[in-house]
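4 protein chains.
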Amino acid sequence: MGSAIAANLIKAGHEVTVYNRTRAKADKLASVGAKVASTPGEAAKGDAVFTMLADDKAIESIAFDANGILAHMKPGGVHVAMSTISAALSKRLAESHAKAGQRYVAAPVLGRPDAAAAAKLFIVAAGAADAVKTVTPLFDVIGQRTFVVSEQADAANVVKLSCNFLIATVIESLGETMALTSKVGIDKHNFLDILTSTLFGAPIYKTYGNLIADEKFKPAGFAAPLGLKDVRLALAAGEELRVPLPIASLLRDRFLTLLAHGGDDLDWSAVGSLAAKDAGSV
Amino acid sequence: MGSAIAANLIKAGHEVTVYNRTRAKADKLASVGAKVASTPGEAAKGDAVFTMLADDKAIESIAFDANGILAHMKPGGVHVAMSTISAALSKRLAESHAKAGQRYVAAPVLGRPDAAAAAKLFIVAAGAADAVKTVTPLFDVIGQRTFVVSEQADAANVVKLSCNFLIATVIESLGETMALTSKVGIDKHNFLDILTSTLFGAPIYKTYGNLIADEKFKPAGFAAPLGLKDVRLALAAGEELRVPLPIASLLRDRFLTLLAHGGDDLDWSAVGSLAAKDAGSV
Amino acid sequence: MGSAIAANLIKAGHEVTVYNRTRAKADKLASVGAKVASTPGEAAKGDAVFTMLADDKAIESIAFDANGILAHMKPGGVHVAMSTISAALSKRLAESHAKAGQRYVAAPVLGRPDAAAAAKLFIVAAGAADAVKTVTPLFDVIGQRTFVVSEQADAANVVKLSCNFLIATVIESLGETMALTSKVGIDKHNFLDILTSTLFGAPIYKTYGNLIADEKFKPAGFAAPLGLKDVRLALAAGEELRVPLPIASLLRDRFLTLLAHGGDDLDWSAVGSLAAKDAGSV
Amino acid sequence: MGSAIAANLIKAGHEVTVYNRTRAKADKLASVGAKVASTPGEAAKGDAVFTMLADDKAIESIAFDANGILAHMKPGGVHVAMSTISAALSKRLAESHAKAGQRYVAAPVLGRPDAAAAAKLFIVAAGAADAVKTVTPLFDVIGQRTFVVSEQADAANVVKLSCNFLIATVIESLGETMALTSKVGIDKHNFLDILTSTLFGAPIYKTYGNLIADEKFKPAGFAAPLGLKDVRLALAAGEELRVPLPIASLLRDRFLTLLAHGGDDLDWSAVGSLAAKDAGSV
Chain A
3 MGSAIAANLI KAGHEVTVYN RTRAKADKLA SVGAKVASTP GEAAKGDAVF TMLADDKAIE
63 SIAFDANGIL AHMKPGGVHV AMSTISAALS KRLAESHAKA GQRYVAAPVL GRPDAAAAAK
123 LFIVAAGAAD AVKTVTPLFD VIGQRTFVVS EQADAANVVK LSCNFLIATV IESLGETMAL
183 TSKVGIDKHN FLDILTSTLF GAPIYKTYGN LIADEKFKPA GFAAPLGLKD VRLALAAGEE
243 LRVPLPIASL LRDRFLTLLA HGGDDLDWSA VGSLAAKDAG SV
Chain B
3 MGSAIAANLI KAGHEVTVYN RTRAKADKLA SVGAKVASTP GEAAKGDAVF TMLADDKAIE
63 SIAFDANGIL AHMKPGGVHV AMSTISAALS KRLAESHAKA GQRYVAAPVL GRPDAAAAAK
123 LFIVAAGAAD AVKTVTPLFD VIGQRTFVVS EQADAANVVK LSCNFLIATV IESLGETMAL
183 TSKVGIDKHN FLDILTSTLF GAPIYKTYGN LIADEKFKPA GFAAPLGLKD VRLALAAGEE
243 LRVPLPIASL LRDRFLTLLA HGGDDLDWSA VGSLAAKDAG SV
Chain C
3 MGSAIAANLI KAGHEVTVYN RTRAKADKLA SVGAKVASTP GEAAKGDAVF TMLADDKAIE
63 SIAFDANGIL AHMKPGGVHV AMSTISAALS KRLAESHAKA GQRYVAAPVL GRPDAAAAAK
123 LFIVAAGAAD AVKTVTPLFD VIGQRTFVVS EQADAANVVK LSCNFLIATV IESLGETMAL
183 TSKVGIDKHN FLDILTSTLF GAPIYKTYGN LIADEKFKPA GFAAPLGLKD VRLALAAGEE
243 LRVPLPIASL LRDRFLTLLA HGGDDLDWSA VGSLAAKDAG SV
Chain D
3 MGSAIAANLI KAGHEVTVYN RTRAKADKLA SVGAKVASTP GEAAKGDAVF TMLADDKAIE
63 SIAFDANGIL AHMKPGGVHV AMSTISAALS KRLAESHAKA GQRYVAAPVL GRPDAAAAAK
123 LFIVAAGAAD AVKTVTPLFD VIGQRTFVVS EQADAANVVK LSCNFLIATV IESLGETMAL
183 TSKVGIDKHN FLDILTSTLF GAPIYKTYGN LIADEKFKPA GFAAPLGLKD VRLALAAGEE
243 LRVPLPIASL LRDRFLTLLA HGGDDLDWSA VGSLAAKDAG SV
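Chains as they are written, first to last, in the working numbering: chain A, 3 to 284; chain B, 3 to 284; chain C, 3 to 284; chain D, 3 to 284.
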């Protein structure tokens, strides 16, 4: 994801310095015009810094370490955090950057790597109005549409986590109904065809329905442990805000069952196979 | 629903005799060319009999009573049962009609009254191939597409119940995520706009999302007790087939909470308001 | 159960006529002084009739058939229904007997066959005060204590179903905590010993905890399908009364999973093995 | 709790130095013979250090700060951590003390303050055998029985969290069955009397059943936020070990509902009132 975004920024004429723990990944971008930094801080000296990392831990180290971006960003610089991280960390980043005289925009994205490459991402952005305004032209060259949802940065993260929670719900509910209909003899693809031809025409039903019907969970487009992580972060946001989320609770247990049975390298849609397993069908 | 279907059959040139417990409703169809029967049995003497009733109980009385359709259908006649009934009753009807030398097609529909009026219903049909073949031309004049799913009639009912269970899941999951995002300050319509502009473009998300965001649960397009009934019937089918359905279990409890608080005349989308209530937001 | 109860009534000097579908079972009681009837109705001509049967269906046939007890009980006779049946059927029996000038007491029991033999049952009774008073001396010779809970008969059934629901909850919660503690290396019996030596000293924890720790689910003391039946009846009572029961919903799904994997002849405590299975431990 | 434990150690002839953030609390113990320290580290110089604090955060600061106990314990000293903390923190403490040449025993307790005062606590201990052996004589003067469960310290915390999870399950299941039975007219105390006189004789059912029946949730014996904390920590242990805990998930949502409605200063048994609320009874 990060590479595709960087490439699009370069293509649009921006000067981009990149950093990756695995130097080789950064070097690839050098061939299209990026400078390569040897520390996060070194890559953070421009007007805006984009981060796209796996989880909270990765962001924490890149942000708060001595060689990290907080220590090296210039006053007024904008940190654009595109990863799906916890609302709590997003809040902490907003506060830390403010204290350092820097700015922070949470901007998680919707879309898979191919959408990133095609500059077709959807961006959910939140942060102080001036900061968002500063980076909006950059969003325009990497995504097809930006939704500005709040001046409170972590609100964007809650929206993104909610989207992933909704996708996981689609996976589980397709899993349950396919377990039911297939036990009465209906072919899973036929059932899915009825759904997507009638009321459930969204791509999400097609994509995940086919993965479940085909039981094709490898290679993982989005690995099960990341699915668990996002459901856990949605639950954590709910706990902070005191919002019970019973379907998310159920999904968390499903992901744990999947992982307890060796699902670490499966696509998260494999959660959609558990209902059939409980039904004794597989 | 029944009136619209009958009207379309008449419009296509078929001779139609109608029966309704409330005579006045049947009489309305007389003006467009229907004959009006005074008992179900009297309306059941043609080549095919369509039933469209509220629940199992209603179908049972109209089917099995002395004046009912089983007692009066001619040999080889086809009973087309379009209501959303239990898989168990559908099975019993199939067996009873077979024993009586009659035929039975389960043909529940997807679509609201306006779709019925416009002959745009989706029909999910199951039954013996010859019986389905006999009534297919009739389906063509009342719906836009027929999905034949099985030779076992009750399979169609399981598909239909699964669809309604999936809709209820969409309602609940929108309710939970709106409860979460609105507590962090996001406007419900904005959140819904993000969903439907990106991954969740299906009409079902728009329709129900707006009802939940507007908290507009009256008048009921589909009343909460019917929602509970369909979830219960999905669970009953699951119990018969030994398929655990944890989201359906959760939905059943939600519907009971709604009804316990006077929700009988609310639209079933009101289930989508309970998460916010649990979160102390309303 | 029925045999033990009848034997205690005979021992106390009562004249008892018995009926069992399997004649041989009834004949055994002849040796201790019972008369043997060849139809339920024939066994129903005394002052009180006790029924102890497997489920609603069995009671319905014995009660409502032409040879059944309703047709043959004398005016003022008392039907004492000791089975764990649905609240709905209990209500219907109360109404039917009243209409027939007979009386009805719901009196489900707590205790296993050995308690029945030792006249140590606990009896939960409900019904019109005069009817309960009439049969109280009979309760005294078969049980150790009678709890009269209501003048509305089905209230006793709701209490009994609640007790079984609570036992199933103990089973599931022991299953979950044993799955957790055993995965961190704690022996299941050691864990159980801590529980029962401290806060959870009730026999129910010892009995079911040991069955789960030993994974000894055969022969069934109380078979899993009966467990499912009782949880389903608790849920049905909840639906009638509009009381959501989320733990019962969860238990229903657990029982279905168990049965879908061939658990029909296992003790219901086998539900307590499913958490460990989900955790990948077995 | 901490004061009572310290007092019992002093009474047994041990030399005790105490520390409390609120100096006055520590001073009270001076009157019975304790020395009062002005930092945690100062109180940590003896052969064993006992900590009894509210949560992970409190333990972390007292353990890892410059004035904390890790920095000041002597080689071979034993840190006995009696609080209900996360398994993860317990593991980290074990590792940190080992690295510092110190020893660590996790020893959470079962019992309320009155049991602590009467030296009647139950202690669940885990840690290296020699360390446990060293502090066993101390356990003997503060508790009635010690259960040594593992050489892996955090196992004791998992046991303790499981116990609290089981208590919360009892609360919720009593809440659900009381909601059901009371809606059919049964008095809550009568229902509870049946339970505790028959199968559910453990004190836990009596204590919490009465609190729920009386709706007496203030003052809190154990406040709802602590209940949520412990359920969350049980879930976190389950996540680490990959053990789905569906009842715990359900309880977590219940606690959030309670807290979202102003339940912060209620006893955790108030969770047992939510089923009745969902049922529209209160």
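It is worth saying that the hints were derived from the structure and are not from the lab. Warning: the hint list may mix true and false statements.
Here are the simulated BS3-like pairs of lysine-lysine, each with C-alpha atoms no more than 30 Å apart in a straight line [what the hints assert, rightly or not]:
(1) B/LYS279 x D/LYS279
(2) D/LYS279 x A/LYS93
(3) B/LYS122 x B/LYS101
(4) B/LYS59 x C/LYS231
(5) C/LYS208 x D/LYS59
(6) C/LYS185 x D/LYS279
(7) A/LYS231 x B/LYS190
(8) C/LYS231 x D/LYS279
(9) C/LYS208 x C/LYS76
(10) B/LYS76 x B/LYS59
(11) B/LYS47 x A/LYS93
(12) B/LYS59 x C/LYS59
(13) A/LYS27 x A/LYS47
(14) A/LYS279 x B/LYS231
(15) A/LYS93 x A/LYS208
(16) A/LYS231 x D/LYS208
(17) B/LYS47 x A/LYS190
(18) B/LYS190 x B/LYS135
(19) B/LYS76 x A/LYS208
These numbers were taken from a predicted model, which means no experiment stands behind them.
Straight-line Cα separation of B/LYS76 and A/LYS208 no greater than 30 Å? With Cα atoms ~44 Å apart, B/LYS76 and A/LYS208 exceed 30 Å; violated.
Quick one, are B/LYS47 and A/LYS190 close enough, alpha carbons at most 30 Å? violated (38 Å)
Sort out whether D/LYS208 lies within 30 Å of A/LYS231, counting only the CA atoms. This hinted pair is violated, its Cα atoms lying about 40 Å apart.
So if I understand the rule, the pair passes when the alpha-carbon distance is 30 Å or less; does A/LYS27 with A/LYS47 pass? holds (20 Å)
Measure nothing beyond the straight line between the CA atoms of B/LYS122 and B/LYS101; if it is 30 Å or shorter, mark the hint as holding. Not OK: B/LYS122 and B/LYS101 at ~34 Å, beyond 30 Å, violated.
Given the proposed pairing of C/LYS208 with D/LYS59, does the C-alpha separation stay at or below 30 Å? violated (36 Å)
Please work out if A/LYS93 and A/LYS208 have their alpha carbons no farther apart than 30 Å. violated (35 Å)
Please verify whether B/LYS76 and B/LYS59 have alpha carbons no more than 30 Å apart. holds (23 Å)
30 Å Cα cutoff - pair B/LYS59, C/LYS231: holds (23 Å)
Starting from B/LYS59, check that the Cα of C/LYS59 is at most 30 Å away, please. holds (19 Å)
Straight-line alpha-carbon gap C/LYS185 to D/LYS279, limit 30 Å: It is violated: about 36 Å lies between the C-alpha atoms, which goes past 30 Å.
Does D/LYS279 lie within 30 Å of B/LYS279 when you go C-alpha to C-alpha? Holds, at roughly 12 Å.
The structure fails to meet hints 2, 3, 5, 6, 9, 11, 15, 16, 17, 18, 19 from the earlier list, while all remaining hints are met.
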